[in-house]
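Protein chains in written order, with my numbering: chain F, 3 to 335; chain G, 3 to 335.
Keep in mind that the hints were calculated from the coordinates and are not lab data. Cβ coordinates follow ideal geometry from the N, Cα and C atoms, glycine included. Warning: the hint list may mix true and false statements.
Distance condition first, Cα-Cα at most 25 Å in a straight line; then the derived BS3-like pairs of lysine-lysine [unchecked claim]:
id, chain 1, residue 1, chain 2, residue 2
1, F, Lys30, F, Lys4
2, G, Lys232, F, Lys9
3, F, Lys286, G, Lys15
4, G, Lys4, F, Lys232
5, G, Lys4, F, Lys204
6, G, Lys9, F, Lys232
7, G, Lys286, F, Lys232
8, F, Lys15, G, Lys286
9, F, Lys4, G, Lys232
10, G, Lys204, F, Lys204
11, G, Lys286, F, Lys204
Now the in silico label distances, taken between C-beta atoms and shown as ranges [as the list claims (entries may be wrong)]:
id, chain 1, residue 1, chain 2, residue 2, range
12, G, Ala201, F, Asp12, 52 to 60 Å
13, F, Arg169, G, Gly254, 43 to 51 Å
14, G, Glu317, F, Met114, 52 to 60 Å
15, G, Lys252, F, Ala148, 17 to 25 Å
16, G, Glu243, F, Lys9, 17 to 25 Å
2 protein chains.
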Amino acid sequence: MKKLINKPEDVVKESLAGVAAAHGDLVKVHYDPDYIVRADGPVQGKVGVISGGGSGHEPMHGGFVGMGMLDAACPGDVFTSPTPDQMEAATKAVDGGAGVLHIVKNYTGDVMNFEMAAEIAQVGGIEVEAVVTNDDVAVQDSLYTAGRRGVGITVLAEKISGAAAERGDNLKAVADMCRKVNANGRSMGMALTSCTVPAAGKPTFEIGDDEMEIGIGIHGEPGRERMSLKSAREVVDMMAEAIISDLPYKSGDQVIAMVNGMGGTPLIELYLVYNELNRVCSGKGITIARRLVGNLITSLDMAGCSITLLKADAELLQLWDAPVHTPALRWGV
Amino acid sequence: MKKLINKPEDVVKESLAGVAAAHGDLVKVHYDPDYIVRADGPVQGKVGVISGGGSGHEPMHGGFVGMGMLDAACPGDVFTSPTPDQMEAATKAVDGGAGVLHIVKNYTGDVMNFEMAAEIAQVGGIEVEAVVTNDDVAVQDSLYTAGRRGVGITVLAEKISGAAAERGDNLKAVADMCRKVNANGRSMGMALTSCTVPAAGKPTFEIGDDEMEIGIGIHGEPGRERMSLKSAREVVDMMAEAIISDLPYKSGDQVIAMVNGMGGTPLIELYLVYNELNRVCSGKGITIARRLVGNLITSLDMAGCSITLLKADAELLQLWDAPVHTPALRWGV
């Protein structure tokens, strides 16, 4: 295993310490239970927006904590759901009296633990709503998930819900906005290589030098199909077709697009993928109005990419454009 | 070779097309000769700042074109110097009447070609100054370089020189500021794996499963020492010591620090590396006043990292903090 780490069991805590040291102006890291919280929070009168999940997907979620996006993020161990006490503590920490939205990727452990945390927080007098994202069109059920997995749309949902909270929307409105993003978003991923979980010390799955996997999950869960290596053009054609036909996205639609790297794929390739995605969308009369190209929701050191599309009306675009100031995303400030 | 590409010979052009499609509000891509230029340029009366070099180091340099940083970037083929006609055309394209600064990483081909371009541009009536960066403390001479290689400081030099040009400094002042950054900056890199050049189709060098290379160049050129895998703590101790003792950086110094990923190393590891760097600097009384953590100057899909320190006075920090709006770096706007 080739990683820039010390002991495998210390990876998450030491990486969090790096985030705290680098971004102390934006976020604070609380340990035991672990969560990352806005340095200037809780914001009184504002709906709190939190998320969380296993570590290994950085910058998601901790890199998205800050003005205009998340109020807190709960990092679990690598590819392991955070515990209810983390989520409960984060919920309390961000509560500014207007309630708290939990944005939960659809993985069975995350959903169960966020539900428990919500119940405890509600008993404590904090109003909580939860939205479960499930945008991955690749497979219906998966290794850790009943139903569709929650993947790339979570990044866009955190940005847009955070902007809605920032402008003063109430809890129901922020939650409804998050549901709207999830309902209008679809994603699919692929892998050229496996990732390696530090504690395991060896690749999560075996894959041949001439093979790739289409529809992979962000933990290396099996996808739709193992196949021989294809060109970027063919890869994007397959993924974009699966995404576009699912909602479906139609000629005349405006979308926010994300081309996401899985952690081990360099930017030169991601822009090449974006070029292919732009070709496919243009050919179908779909306009990419905004986009992110980079490593946003990763799978440790996996080589590969995912594509996310979000059908966006004027209000979604306005919330997208609203200022954001987090370690990983920043504009307008 | 596992890459998200079509034909190896089309990688650079197709990736540039992706940049153009994604960031048309910020940059335009000119083909034959290839260069990326500010969409709102040339800015009349402002010193133009350009850079360039082989592709495969994205986001450098094209991702740094925009307000407050570069006016243009010239991408060569992968790991291949751009040609003088690219640099000459870019120089002409950005000239707003106040002259043009060439920021050149110290690689023999880049230096020679930028010199030729400068001569031609000067014959054409454009005042040109050139600053060659040479911040890599790892080795004195290298595979493609006489003297020290120019690496990570180039990113910081482009930001700070761009800010100096933006506030209206004249050509000599912008060039002097760039020289000051280079003189006060030092870097060192390391690799866990090789990169693979698309046209070659196989790893640039062989490295064992239990080996790493300290002091590697950004094209996989040999470094200081091939050694057995070490912990992140030991790796950072070695690199930071080499950097700090070289200038030297002293107790009481303020620095801008960059922890840079080589392209295949995920953010969870880079923040862990930053945590170690922060420990070393704190222990020596060196304050990290600003920092970048991420993939800024990469080596295709190489796993590894580099560290750059820049001793910074109040003016450098002010120029660092000035607004910047490029595809890869954005703040204050």
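Results for each hint:
About 30 Å separates the Cα atoms of lysine 30 of chain F and lysine 4 of chain F, which puts this hinted pair outside 25 Å; it is violated. Of the supplied pair hints, the one linking lysine 232 of chain G and lysine 9 of chain F holds, its CA atoms being roughly 11 Å apart against a limit of 25 Å. Under the criterion of a C-alpha separation no larger than 25 Å, the hint pairing lysine 286 of chain F with lysine 15 of chain G is consistent with the structure, at around 23 Å. Taking the CA atoms of lysine 4 of chain G and lysine 232 of chain F, the gap is about 10 Å. The hint holds against a cut of 25 Å.
With a CA separation close to 19 Å, the supplied pair lysine 4 of chain G and lysine 204 of chain F stays within the 25 Å bound. With a CA separation close to 11 Å, the supplied pair lysine 9 of chain G and lysine 232 of chain F stays within the 25 Å bound. For the suggested pair lysine 286 of chain G and lysine 232 of chain F, the alpha carbons sit about 51 Å apart, so the restraint of at most 25 Å is broken. Restraint check: the Cα-Cα separation between lysine 15 of chain F and lysine 286 of chain G comes to about 23 Å, which is no more than 25 Å; the hinted pair holds.
Straight-line distance between C-alpha atoms of lysine 4 of chain F and lysine 232 of chain G comes to about 10 Å, which keeps the hinted pair within the 25 Å bound. A hinted pair counts as satisfied when its Cα atoms are at most 25 Å apart, and lysine 204 of chain G with lysine 204 of chain F qualifies at roughly 23 Å. Simply put, lysine 286 of chain G and lysine 204 of chain F have alpha-carbon atoms about 37 Å apart, too far for the 25 Å limit, and the pair is violated. At about 40 Å, the CB distance of alanine 201 of chain G to aspartate 12 of chain F disagrees with the hint of 52 to 60 Å.
At roughly 44 Å, the beta-carbon separation of arginine 169 of chain F and glycine 254 of chain G lies within the given 43 to 51 Å, and the hint holds. The beta-carbon spacing between glutamate 317 of chain G and methionine 114 of chain F, approximately 54 Å, falls within the hinted interval of 52 to 60 Å. Checked against the given bound of 17 to 25 Å, the beta carbons of lysine 252 of chain G and alanine 148 of chain F, roughly 59 Å apart, lie outside it. For glutamate 243 of chain G and lysine 9 of chain F, the hinted distance range of 17 to 25 Å is satisfied, since their beta carbons lie about 22 Å from each other.
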